[in-house]
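Colleague: Residue 700 in this note's numbering is what sits at position 700 of the first sequence, and the numbering runs on without skipping anything.
It is worth saying that the hints were derived from the structure and are not from the lab.
Each residue gets a CB set at the ideal place from its N, CA and C atoms; glycine is no exception.
There's no promise every hint is true.
Stated by the list, open to error - Keeping only pairs whose Cα atoms sit at most 30 Å apart, straight-line, the calculated DSSO-like set for lysine-lysine is:
no.	residue 1	residue 2
1	K344	K633
2	K606	K73
3	K375	K344
4	K560	K344
5	K421	K389
6	K495	K389
7	K161	K133
8	K122	K161
9	K133	K389
10	K63	K73
11	K344	K46
12	K69	K46
13	K491	K451
14	K73	K375
15	K495	K451
16	K421	K495
17	K338	K375
18	K375	K606
19	K133	K122
20	K460	K433
21	K63	K274
22	K389	K433
23	K306	K274
24	K560	K303
25	K238	K69
26	K63	K560
27	K306	K491
28	K122	K451
29	K460	K495
30	K63	K303
31	K122	K389
What the hints assert, rightly or not - FRET-style restraints, in silico, Cβ to Cβ:
no.	residue 1	residue 2	range
32	D587	S136	18 to 24 Å
33	P525	G104	33 to 39 Å
34	G493	D207	50 to 56 Å
35	D207	K161	33 to 39 Å
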Amino acid sequence: MEDLLAELNPAQREAVEAVGGPVLILAGPGSGKTRVIAHRVAYLIKVCGVSPRHIMAVTFTNKAARALKERLKGIASAALEDLTVGTFHAICARILRREGRAIGIDPGFVIYDDSDQISLLKRAIVEVDLDPKQYSASAISAAISAAKSRLITPQIYLDSKQSYFEGVVGRVYERYQELLRLSNALDFDDLLLETVHLFRQHPDVLDRFQTRYQHIMVDEFQDTNVVQYEIIKLIAAKYRNVCVVGDPDQSIYSWRFADVRNILSFEKDYPEAKVTLLERNYRSTQTILEAAAGIISVNRQRKPIKLWTENETGELITVVETYSQQEEARFVTNEVEKLVEQGKASLADCAVMYRTNAQSRALEEAFIRYGMSYKLVAGTRFYERREVKDVVAYLRLIQNPDDSVSLLRVINIPPRGLGQKSLGELANWAGAKEISLYQALGLLDSTAEDKPALTPRALKSMEVFYRLMEGLIARSQEVDLVDLFDQMIAKTGYKDYLLSGTEGEERWDNVLELRTVAEQYRRLPVEEGLVAFLEGAALVSDVDSLDDSVDAVTLITLHKAKGLEYPVVFIVGAEEGVLPHFRSFDDPDQMEEERRLCYVGVTRAKDKLYMVRAYRRSLMGGSNVNEPSRFLKDIPCHLICGGELWSGEESQVASRLYSWDTEAEPVLSIPELKAGDRVRHEQFGDGVVIVYQALKDDAEVVVDFKWTGTKKLLLSFARLEKAA
DNA sequence: CGAAAGGCTCTTTTT
DNA sequence: GAGCCTTTCG
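Please build the complete structure, drawing on both the sequences and the hints.
Modeller: Structure, rendered in structure tokens:
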């Protein structure tokens with residue numbers, strides 16, 4: 001047990017040993033925070049003799065939860081099955097499955113993701129007689145989510161409405177919750193919110209959890225919201241052994257209603273809290289750390305944490321400007337190739353980070369063309385693909401037939417002749433009776449008095465569908481998850497349906513991949529397996545599926561990169577409008593968050609950092625010329641390497657190192673040209689101008705060269721001569 | 001009713 | 001540029 005502490009520095013040690021009472025750990029990037037959490041749990045178990053079942057550790061992602069458990073296996077061999085480790089959402093889902101009945105939640109509830117939520121909201125909007133064209137479901141969704149994140153129920157919302165729009169939101173919110181209840185479904189926010197309701201309304205239940213979880217730890221505390229903090233406060237109220245770990249400088253989820261002020265609240269709610277600072281960085285070079293400090297120090301509102309390291313100075317930061325996003329991507333692949341050839345890094349050592357998902361496209365194309373393997377974290381997420389959602393919807397329906405979003409999704413897939421009209425009629429009929437759609441289907445042949453106005457054909461079709469589902473539900477009691485999966489596919493004819501459509505093979509492969517996931521749940525009792533499988537499908541994040549064993553370059557958003565580290569990091573799109581994103585221009589608080597986001601990216605790098613920008617970038621169809629990111633200017637000059645220009649090896653597109661001293665671009669003689677002119681290039685030979693586009697002080701031309709094909713060139717750099 | 005085509009809007013970050 | 005929605009035609 002001594003060696004548990006021997007590997008730690010004094011500050012880390014202090015944090016590990018402070019197991020009685022509240023603790024606030026402010027941990028800078030790379031300061032061994034994950035290590036501290038793991039050692040703290042091990043210390044509780046091995047040294048303090050605390051049973052694992054009395055410990056709860058909340059992580060930000062499922063992957064972090066797995067990593068923590070993995071790490072613990074190495075340190076503490078005790079029985080870890082009883083240890084509670086997971087995200088807030090996963091832990092709350094579990095609590096509600098066991099105890100939700102007390103507040104009227106059926107344990108078979110399904111979890112609605114964003115798109116499920118949007119479809120249900122659209123229905124709610126229509127049902128409260130509002131025009132869905134006038135009110136966007138996503139705007140209302142954001143408002144509702146904001147309300148839920150502040151523990152505001154529809155009643156409270158309506159009672160305190162201050163504007164017409166809030167009145168609208170309130171009405172939709174109210175109906176939306178009713179529809180959720182009818183579908184026996186909870187959305188992401190509900191998982192948290194209902195847990196609070198459960199605890200508040202049933203002190204006896206809360207007491208059981210308080211007694212169970214005598215030690216609580218929360219990672220990434222700066223990114224918790226008010227509801228999450230409330231859950232922690234409720235459970236920790238009895239023993240007050242609560243340890244939160246966070247870094248205000250890495251708070252990047254305020255748009256998801258995370259509230260850094262929770263850190264201040266913590267100090268107020270637990271005045272006796274011990275505060276520990278972890279400031280020694282073990283990850284990055286001096287150079288990288290200094291650059292990070294330069295960037296973050298501009299923020300006004302922050303607790304000064306001063307990071308230091310004994311690591312070596314390391315290499316300078318490479319700041320590069322390329323011509324376009326394609327060139328940017330090519331620069332990255334070229335550079336990675338070079339690093340690999342020189343034996344400086346493996347593919348897996350390298351990560352490319354960007355602000356928006358849309359940026360991944362150009363990168364992906366370059367990697368494919370270059371033949372370099374990469375792993376994209378996200379893209380069209382697996383569970384968001386149409387075919388995967390269809391299959392999941394069928395399975396959800398088997399588990400919980402009341403799930404109306406899933407029912408509407410699949411009732412006409414494959415086509416069963418049930419269009420909007422019939423389904424609208426069914427929905428109205430069910431709505432009037434306040435029953436779920438599935439219940440309505442079950443009543444179709446039995447009700448004598450009021451029948452929905454359906455054509456005999458539609459009626460017949462619905463009955464067939466109902467019997468199909470009844471059959472599958474019956475089967476689900478007898479067979480295991482994989483058998484159920486196969487029978488569902490067979491009985492619904494989904495395979496043939498998929499294969500007859502476009503990209504059928506590819507889509508079918510995805511279904512098979514989903515089946516492979518289902519196999520992991522095969523040994524569980526059927527019902528349990530189905531629930532676990534569906535819960536997994538609802539709560540996975542992209543980072544969770546990041547496979548460390550594959551040798552490939554990682555492409556990832558800055559947000560998702562939080563908590564990760566790589567020897568080599570490329571931050572691309574270092575431009576005004578991209579990073580910082582233009583949506584944050586008019587709000588200083590948001591701008592500070594963009595800066596933190598940049599800081600998070602920079603501090604992911606261990607040895608070598610590249611900051612890349614494109615002179616020209618196409619966004620939403622159009623093409624923009626952006627200034628370099630303001631964050632680049634906050635990196636001290638002496639940390640940036642100057643020297644060679646970067647230009648693509650295949651095309652002579654103008655690219656150059658961004659230089660701070662010379663804002664003015666080198667002035668070369670620019671020949672006056674127009675489309676159709678004959679030109680000569682030193683290297684490419686003779687050609688004809690196809691496209692001429694004037695820019696501010698320059699022009700972009702596309703030239704068709706006789707020998708080398710079409711090239712896009714920037715006039716000021718291309719040294720084109722006008723030929724006679 | 002359903003498939004296909006055309007028009008529309010909205011594009012930040014995600015458990 | 002993409003997905004979603006509506007319209008149109010078979």
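Colleague: For every hint, state whether the structure bears it out.
Modeller: Status of each hint after checking the structure:
| no. | hint | result |
| --- | --- | --- |
| 1 | K344 - K633 | holds (28 Å) |
| 2 | K606 - K73 | holds (26 Å) |
| 3 | K375 - K344 | holds (20 Å) |
| 4 | K560 - K344 | holds (25 Å) |
| 5 | K421 - K389 | holds (23 Å) |
| 6 | K495 - K389 | holds (14 Å) |
| 7 | K161 - K133 | holds (22 Å) |
| 8 | K122 - K161 | holds (21 Å) |
| 9 | K133 - K389 | holds (25 Å) |
| 10 | K63 - K73 | holds (15 Å) |
| 11 | K344 - K46 | violated (41 Å) |
| 12 | K69 - K46 | holds (15 Å) |
| 13 | K491 - K451 | holds (28 Å) |
| 14 | K73 - K375 | holds (28 Å) |
| 15 | K495 - K451 | violated (34 Å) |
| 16 | K421 - K495 | holds (27 Å) |
| 17 | K338 - K375 | holds (19 Å) |
| 18 | K375 - K606 | holds (20 Å) |
| 19 | K133 - K122 | holds (10 Å) |
| 20 | K460 - K433 | holds (21 Å) |
| 21 | K63 - K274 | holds (29 Å) |
| 22 | K389 - K433 | holds (29 Å) |
| 23 | K306 - K274 | holds (19 Å) |
| 24 | K560 - K303 | holds (24 Å) |
| 25 | K238 - K69 | holds (26 Å) |
| 26 | K63 - K560 | holds (12 Å) |
| 27 | K306 - K491 | violated (63 Å) |
| 28 | K122 - K451 | holds (25 Å) |
| 29 | K460 - K495 | holds (23 Å) |
| 30 | K63 - K303 | holds (29 Å) |
| 31 | K122 - K389 | holds (18 Å) |
| 32 | D587 - S136: 18 to 24 Å | holds (21 Å) |
| 33 | P525 - G104: 33 to 39 Å | violated (25 Å) |
| 34 | G493 - D207: 50 to 56 Å | holds (52 Å) |
| 35 | D207 - K161: 33 to 39 Å | holds (36 Å) |
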